[in-house]
Amino acid sequence: MRTPNRLVAALTATTMLASNLAAAPALAQQRTEVGAASVVIGDVEFREQQDARARQLERRDRIAWGNYIASASNSQAQLLLLDRSTFSIGERTRLRIDEYVYDPAEGRSAVVTVLRGALRFFSGSNEGNNTADVNAPAGRIGIRGTAIDILAGEVAEEVGEDEPFIDNMRNVDSDEDEATLVVLRGPGAQTAGGLTVGLAEVTSAGVTVVLDEPGLAAYIPRAGVPPIGPFRISDAGLVEIQNEIQPRVARAGGGGGGGILGALIPIAVGAVALGVLLSNDDDDNVAPPNIDTGNNCDRGYYRGDNGQCIAENPNQPPTASVPDPRPTAPPTEDAETPPRSPIG
Amino acid sequence: MRNIHIAACLSVIAMLSAPASAQSLAELDRLSDLTANEETGVAAAQEQAGRGAYLEALSTLERVMAAFPESVSARLLHAVYLCRIDDRQGGLVEISQMDEDLFGAANIADARDRCSRPYVEPQAPAPAPVARPDPEPIETVALPPSTAAGGTVSGKEQPAPVAPPPDAPAATTAGTNSISGSNAISDTAPPRSSSSSSSQQPEDTSGGEKD
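Heads up: the sequence lines are chains A and B, in that order. Counting in our numbering, the first sequence tops out at residue 403, every number present. Counting in our numbering, the second sequence tops out at residue 774, every number present.
It should be emphasised that the hints constitute simulated quantities derived from the structure, not laboratory data. One or more hints might be untrue.
Taking beta-carbon pairs under 10 Å as the criterion, some of the chain B residues facing chain A (in silico) [to be verified]:
#1 616
#2 628
#3 646
#4 651
#5 667
#6 673
What follows is a set of in silico ranges between Cβ atoms, one per label pair, in the way DEER data are often shown [claimed, not checked]:
#7 264(A) / 596(B): 43 to 49 Å
#8 230(A) / 589(B): 51 to 57 Å
#9 112(A) / 602(B): 36 to 42 Å
#10 610(B) / 104(A): 32 to 38 Å
#11 589(B) / 188(A): 24 to 30 Å
#12 255(A) / 590(B): 18 to 24 Å
#13 166(A) / 589(B): 20 to 26 Å
#14 165(A) / 596(B): 24 to 30 Å
#15 229(A) / 589(B): 53 to 59 Å
#16 164(A) / 596(B): 25 to 31 Å
#17 186(A) / 606(B): 22 to 28 Å
Chain B regions said to be covered by chain A (calculated; three or more residues, Cβ under 8 Å) [unchecked claim]:
#18 593-599
#19 617-623
#20 633-645
Ideal Cβ placement from N, Cα and C applies to all residues, glycine included.
Looking at chain A on its own, in the form it has when it is part of the complex (with noise of 0.2 Å):
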């Protein structure tokens, strides 16, 4: 009886090859094409194996199996996959797709390799198993319904060795190549819109550390060692992160004077309102929107999406202010009037 279904079994295994090696030059040419670019800025090279010849990459282009992505500096990518996860390619980033399986019903899962540079894991559906793992230079991150920084190599090493909790440690030996930083960014168990809560396994030398709540990092100094953490990154380290991902968003300016945005002063102040940029998904019922457009309503009012100035609900209860940070106004005589606050 068992021989049989051995050979049953041999020969379904035989069929299956052939079919398979039949259908690879096809498939190669074909190409399993799991999404797309969806914005690319500045110099990113993109090659369908490491290998092959690189061009650049162009908005739209697809993104398959094997393809390889390299970012220069001041430039990055964005890539759009079939559900709808991304990945935002720093500058100065290398990485690979290396396997991506998508089934509306079943789930996805995704294997990419991040060579160096700083990457952004964005997870798209949320039906189904989804699952991702990133391997990194030093280590492998296995990532679950998240949005997640991970940065590799010199920038990880940089940004790393700054972060005071491993400074503190002081004989941390990190390799420039290797080193890797992970960042869990969310989603919260506070989160909005019932998303899946967010997790991170960072595994190195065989120990896992895991990241449960936004903001917890691990950092890998070199192959071989266990990952360090968890620990919680620094302001100053997200910035760092930030800059990496969205360099042009950096060089734009917006923390301190200077770049494009000084000439769109007087635009930007008067185009935006936040409370309508949020009137979709608002929460509002716990606050009042508050409206910079150059012409406050008064307080006990704010500005309706048309522009007038609607009274707030006289049964809304006071909520906190923050104080305006702008240096006030020299005192007048009318000063014992007290500040009026910035929340209409």
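The hints should help you fit chain B onto chain A, whose structure is shown.
Chain B only, in chain A's frame:
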């Protein structure tokens, strides 16, 4: 043998899914087309956030920010949506990078305030308040003012508390919120990149952008 099966299965999956993938890839193009324009990109992110797809909305905004790094709307929303997914530290750090002259002090304060308190899912519009019938005189019990209506003393009549968030902070003030208990977020600490950011030359936008 197992590898052969896996490879074969994956091959079949790839072939079977080709038509669906093509359709989905076209959908991906449509999404990326939306973010080739700042306004439609921001609107798309708002729509995604409106149905709770905050990670998708953040991805959308990052495309907008890449193409339009000067987009005030995209950057404000990005910071607030980070807070919506409970990355309050990340959201507040982005807000701390915003120049008041560019973003508006009130907008920054508003964003910081929204990040400093738990998000409350929007609910169906509350029905118009209906005047309750006066309570029976016998139920009227004279209470000290400090114990009425939850103990709020403001000199004004306060409405009865309506389902406050269970863990809502008693007061939210810039700089006092903490993330996961241990790390206080400083709104005032100057980020390391400030100097580099301020020292950057105005960006040459003539080259590099591909879309």
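How the hints compare with the structure:
1. 616: Interface hint status for residue 616(B): holds (7 Å vs cutoff 10 Å).
2. 628: With Cβ-Cβ at 5 Å, under 10 Å, it holds.
3. 646: holds, 9 Å
4. 651: With a minimum Cβ separation of about 8 Å from chain A (threshold 10 Å), the hint on residue 651(B) holds.
5. 667: holds, 3 Å
6. 673: holds, 4 Å
7. 264(A) / 596(B): 43 to 49 Å: holds, 45 Å
8. 230(A) / 589(B): 51 to 57 Å: holds, 54 Å
9. 112(A) / 602(B): 36 to 42 Å: About 38 Å separates the Cβ atoms of residue 112(A) and residue 602(B), which means 36 to 42 Å holds.
10. 610(B) / 104(A): 32 to 38 Å: holds, 33 Å
11. 589(B) / 188(A): 24 to 30 Å: The hinted range 24 to 30 Å holds for residue 589(B) and residue 188(A), with Cβ atoms some 26 Å apart.
12. 255(A) / 590(B): 18 to 24 Å: holds, 22 Å
13. 166(A) / 589(B): 20 to 26 Å: holds, 22 Å
14. 165(A) / 596(B): 24 to 30 Å: holds, 29 Å
15. 229(A) / 589(B): 53 to 59 Å: holds, 54 Å
16. 164(A) / 596(B): 25 to 31 Å: Holds, at about 27 Å.
17. 186(A) / 606(B): 22 to 28 Å: Holds - the Cβ-Cβ distance for residue 186(A) and residue 606(B), about 24 Å, lies within 22 to 28 Å.
18. 593-599: holds (count 4)
19. 617-623: With 5 residues close enough to chain A, the hint holds.
20. 633-645: Held - the region 633-645 of chain B has 8 residues with a Cβ nearer than 8 Å to chain A, which meets the minimum of three.
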